[in-house]
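Chemist: Okay, here's what each chain looks like letter by letter:
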Amino acid sequence: NAGVTQTPKFRILKIGQSMTLQCTQDMNHNYMYWYRQDPGMGLKLIYYSVGAGITDKGEVPNGYNVSRSTTEDFPLRLELAAPSQTSVYFCASSPFQEQFFGPGTRLTVL
Amino acid sequence: DQQVKQNSPSLSVQEGRISILNCDYTNSMFDYFLWYKKYPAEGPTFLISISSIKDKNEDGRFTVFLNKSAKHLSLHIVPSQPGDSAVYFCAASGRTQGGSEKLVFGKGTKLTVNP
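Residue numbers (the working numbering), protein chains in the order written: chain G, 7 to 116; chain P, 7 to 121.
Careful: at least some of the hints might be erroneous.
[Stated by the list, open to error] Negatives, chain G to chain P, calculated, CB over 12 Å: (1) 18; (2) 20; (3) 28; (4) 49; (5) 73; (6) 91; (7) 94.
[As the list claims (entries may be wrong)] In silico contact screen, one side only, chain G against chain P (beta carbon under 7 Å); selected entries: (8) 16; (9) 44; (10) 45; (11) 47; (12) 101; (13) 114.
Source of the hints: derived by calculation from the structure; they are not laboratory data. Quick reminder that beta carbons are idealized off the backbone N, C-alpha and C, glycines included.
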């Protein structure tokens, strides 16, 4: 099992550009999550999903969108990138309470 | 409003000694607590957890203690090893209205174990 995979590992965006961060899990977990981690801070929940077709906002959803068309995939979309979205993004999946994390995507918006 | 607090940003211990990482929480609805370990440029990995019906859980060198009345938990690592050097996150969960399990994370404590 590959676990949770994220692409890309690194990305630099210009202000106003858009991009999609990809997340795939092969553990057949129902729950999936997107977090961002800013320097010296904990992980903050952006969006989560309890199953295919169901998504909900987390603590910091503004500027992001998600979709969950399959159990495996949970992409995160940035429509108009802003410098405040410079961060490390982690995707996670969970069968219940313990969450399994991907390696992260480091995003810089200039 | 921080619901999960790790008040020590960093901790340094000697190899072979005990490491004690602390975590406080404010929400009485939390019923499950987890510790995650994170190395640079990697995602967090699950270390150990404890349910609110217990006050101690042990797994090898790692023990988590929960004091519900004080809303406090701690992670003990004995003996500490240089490979334990990482950032440790405390996390708490409680059922949301929708039934999903969301985790609330502390800011982390960077542990350095010196040889």
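Chemist: Which numbered conditions among the earlier hints are violated in the structure presented, ordered from lowest to highest?
Modeler: 4, 7, 8, 9, 10, 12 and 13
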